[in-house]
Amino acid sequence: MRPIGLTSVTFRELTAAKIIALAAQTGCAGIEWGSDVHVPTGQLDCAEQIKAQCRQHQLAIFSYGSYYKLNQGLKPEVDFQAYLDSAVKLGAPLIRIWAGRTASAQADADFFERAVAETQQCCDLAAQAGIEVAFEYHRKSLTDNSVSAVRLLNAVNRKNCRTYWQPNPEKSVEENLQELTDILPWLARVHVFSWNSDNARLPLADQEKAWKHWLKIIPESIPLILEFVKDDQPAQFQMDVKALRGWCNTTQK
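When you read off a place in the sequence shown, starting at 1, and then add 546, the result is the number in my numbering.
Don't read these hints as lab results, they were simulated from the structure.
Here a beta-carbon is modelled for each residue, glycine too, at the ideal position from N, C-alpha and C.
Fair warning: there could be bad hints in the mix.
[Said to hold, decoys possible] Estimated spans, in silico, between C-beta atoms of each pair:
{"id": "1", "residue 1": "Ala-675", "residue 2": "Asp-752", "range": "35 to 45 Å"}
{"id": "2", "residue 1": "Ala-567", "residue 2": "Arg-791", "range": "32 to 42 Å"}
{"id": "3", "residue 1": "Ala-701", "residue 2": "Gly-676", "range": "19 to 29 Å"}
{"id": "4", "residue 1": "Gln-595", "residue 2": "Glu-716", "range": "32 to 42 Å"}
{"id": "5", "residue 1": "Ala-655", "residue 2": "Asp-728", "range": "32 to 42 Å"}
Based on the provided sequences and hints, a complete structural model is requested.
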């Protein structure tokens, strides 16, 4: 069965305990914990407590959703190490980072090369702890399209360097499918949501056809992490989980 869960940033206003309860009630397999609110970087006791609470409810730690961003003047040996320390205490097998905050079309050769070198440093630090590093697949970054993302992943050339994937609301179903296909060898996690081209949030069921299309090529071992539900409502999340689980049951290989 495909692992389904949520990212804690979906409900920043809820306590970690309430997020864990919601995940357990909806039959989720795990949670991605954000570094901004629920597992703040450097608060190691908090990370250990969350790990214990998740274990008590038989919930996996899918990943540590950090806000470490490349080419922002950060030092991997200090700043990334802080995220890494929290990830270790949390028991996260993977840390999410951001491939800068500059669109790939605006990034020059120097920007790209610095991003590669910084990622390699982060990956080498993480490898010592047996942890993977994965890029957020996001607009206005070096992973805003599959051509740039694949170029970056190949240049970094680290076994523990992976990427997330999420659909770009500004692109068609087929365009998103092609991008997903391109990055499939490096795919680690998928952020699941339903937005229209105006970036308005919709019930996940509104994009059933699209998600069924994409799910056909997503390996069944890849965690599907629900993110940013309509109106930030737990009730909507519950409906989205139910819809996603139903699709997974009909698209299993």
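Verification of the supplied hints:
no. : hint                           : verdict
1   : Ala-675 to Asp-752: 35 to 45 Å : 40 Å, holds
2   : Ala-567 to Arg-791: 32 to 42 Å : 18 Å, violated
3   : Ala-701 to Gly-676: 19 to 29 Å : 23 Å, holds
4   : Gln-595 to Glu-716: 32 to 42 Å : 40 Å, holds
5   : Ala-655 to Asp-728: 32 to 42 Å : 22 Å, violated
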